[in-house]
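Residue numbers (the working numbering), protein chains in the order written: chain A, 1 to 459; chain B, 1001 to 1101.
Keep in mind the hints are simulated off the structure, nothing from the lab. Careful, some of the hints might be misleading.
Beta-carbon label-pair distances, calculated as ranges [as the list claims (entries may be wrong)]:
(1) A:Asp368 - B:Arg1093: 32 to 38 Å
(2) A:Gly240 - B:Asn1007: 33 to 39 Å
(3) B:Asn1091 - A:Gln276: 35 to 41 Å
(4) A:Pro440 - B:Thr1087: 25 to 31 Å
(5) B:Arg1093 - A:Ala452: 21 to 27 Å
(6) A:Asp205 - B:Ala1043: 34 to 40 Å
(7) A:Gly268 - B:Asn1007: 54 to 60 Å
From the three backbone atoms N, C-alpha and C, an ideal C-beta is built for every residue, glycine too.
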Amino acid sequence: MYDLIVIGAGPAGMAAARRAADLGLTVLILDEQSRSGGQIYRDVERAALLRGEILGKDYTDGIDLARGLDHPGITHAASASVWQIEDGYRVYYTQNGAGKTAAAKRLLIATGALERPMPIPGWTLPGVMTAGAAQILLKQSGMVAERAVLAGAGPLLYLVAAQMVKAGAPPLALVETQTGGDFRRALKYLPGALRGWPYLMKGKDMLAALRRAGVPRHTGATGLRVEGGDRAEALVFNAGGRQHKIEARTVLLHHGVVPHIQAARSIGIPHRWNAQQQCFAPEHDETGRTAIDTVFIAGDGAGIGGAKAAAIAGRISALSIAQDLERITAADCRRESRPLQASLNRELAVRPFLDTAYPPYKEALSPDDATIVCRCEEVTAGDIRRYAGMGCLGPNQAKAFGRSGMGPCQGRYCGLTVTALLAAANGKTPDETGYYRIRPPIKPVTLGELAATAQRKGK
Amino acid sequence: MKPAFRNLTAPASSPGQMVAVTFDGQELTLVEGENLAAALLAAGVDTFRETPVSGAPRAPFCMMGACFDCLVEIDGTVRQACLATVTDGMNIRKPNGTSDV
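Next comes chain A alone, as it looks inside the complex (with noise of 0.2 Å):
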């Protein structure tokens, strides 16, 4: 038995990997990636060589934390998909086509984030992709995608635009779709964003850059629908008061990273609708602790706040579970959190800024009728509109009126949208309206793996 799994090998897990090692417990951490760096820093310690220059400080600055799983108490499981956690102690996960199981006294999970479901007309055409996704070819295979447009609000396209540029494909265009009213209702934050000034710092350099390589912007745009036959042609959309139309074979589409909150709901760990960043929460103490006392949760998979906030948090976690385990004194364990916890509210300090200035895209959140909403199933806004309209009060009755959430994605790509349409219809918060129940096996696990895992589990 180890002392601690880890799921998720982004900063946060790897952080909290590292600071409990080095407290002398031993640590296992389990990602899905072949190697170490979560989304944010995928891939970082091959990459970084590779393409440090395009990619910047930011992702290069990942590979401290990355080689820090190099420790004599860390077993790092790459390419391993965690699908049932079970009395908060034992995972169960495939890896390389086998079952495994093992177990911890204490578990962090640090599934970090994923991109918030954008729902346009023709986001599920073949060349209609994340702008994360983007990255992450960039980050692990150094692919630039040609004739790209980007759309949709919030810094990481202009981090996405930018290292296209530094590639030498700068995009056709950056659409996004904040407004001016957008920005100053955000201003009233500014002081406190202040704190987190090297961001805004960032942002300025990086619109200053694209200014340069002559990207086009249109802010505040509508009606945004993706053109195409067999993959995506064009990106239509409506701004400055007229309609546009843009030729491009991939479209990049971002309105934010919500909690990717699939393994801490498959064990019922309560989660609340945070307002602000209009997307549902695990509910955890400052440490981490979950209302399950031996789960831990940390990282953007708890709320989001950018790599910086997890690593810094994943350390905190560390430090709570290695005082569970007598490792250090309570003492100790806040002198070294309370400074942590100082850099921690810093690296926050720019979020209501920025939530607030680069807000989701309103035509996304409550999507025309005709406008898939669950990608698997091929769900209809207007479906689910039905559904609430013959008594379906929540997402799980919406299961059974028509299937969405499913499939194999489980509604990580349709939750958010489904609670919000639901939400509307009836009049209710999301609170009250709640989200899918989610059920292991949180990844598709075959029967072959299964019998694997049930016979060295009897041996």
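With chain A's structure known, arrange chain B on it following the hints.
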């Protein structure tokens, strides 16, 4: 069709060896050890699968194992291409019918 992506590093300079795989019967030469979804996109594969509901074409959307739109059948098992790596002789097909994962 011409791939929608450009490779910043020439395949010749990449650390992996070029290996032959088949995608829906068509032979492709990919870099061994590369992420399978990325390698197929770089090779110009536009459609990874058709949906079981309407037969609509799909291709990688999230590249991080969450959306399942890159599902393909690899040597008989339906898997997410974005969580697989290229190996010599892989037999890849569009998955058939309803999702059997």
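35 to 41 Å was suggested as the range; check whether the CB atoms of Asn1091 (chain B) and Gln276 (chain A) agree with it. Check failed, 49 Å falls outside 35 to 41 Å.
Taking 33 to 39 Å as the hint, is the beta-carbon distance of Gly240 (chain A) and Asn1007 (chain B) inside that range? Distance hint for Gly240 (chain A), Asn1007 (chain B) holds at roughly 36 Å.
Verdict for Asp205 (chain A), Ala1043 (chain B) (Cβ pair) under range 34 to 40 Å: holds, 36 Å
Per the hint of 54 to 60 Å, is the separation of the Cβ atoms of Gly268 (chain A) and Asn1007 (chain B) within bounds? For Asn1007 (chain B) against Gly268 (chain A), whose Cβ atoms are near 45 Å apart, the range 54 to 60 Å is violated.
Holds or violated: 25 to 31 Å for the Cβ distance of Pro440 (chain A) and Thr1087 (chain B)? holds, 29 Å
Given the hint of 32 to 38 Å, is the C-beta distance from Asp368 (chain A) to Arg1093 (chain B) inside that range or not? holds, 35 Å
Status of the given 21 to 27 Å range, CB of Ala452 (chain A) versus CB of Arg1093 (chain B): Once the Cβ atoms are compared, 24 Å apart, the range 21 to 27 Å for Ala452 (chain A) and Arg1093 (chain B) holds.
The structure is inconsistent with the numbered hints 3, 7, although it conforms to all the rest.
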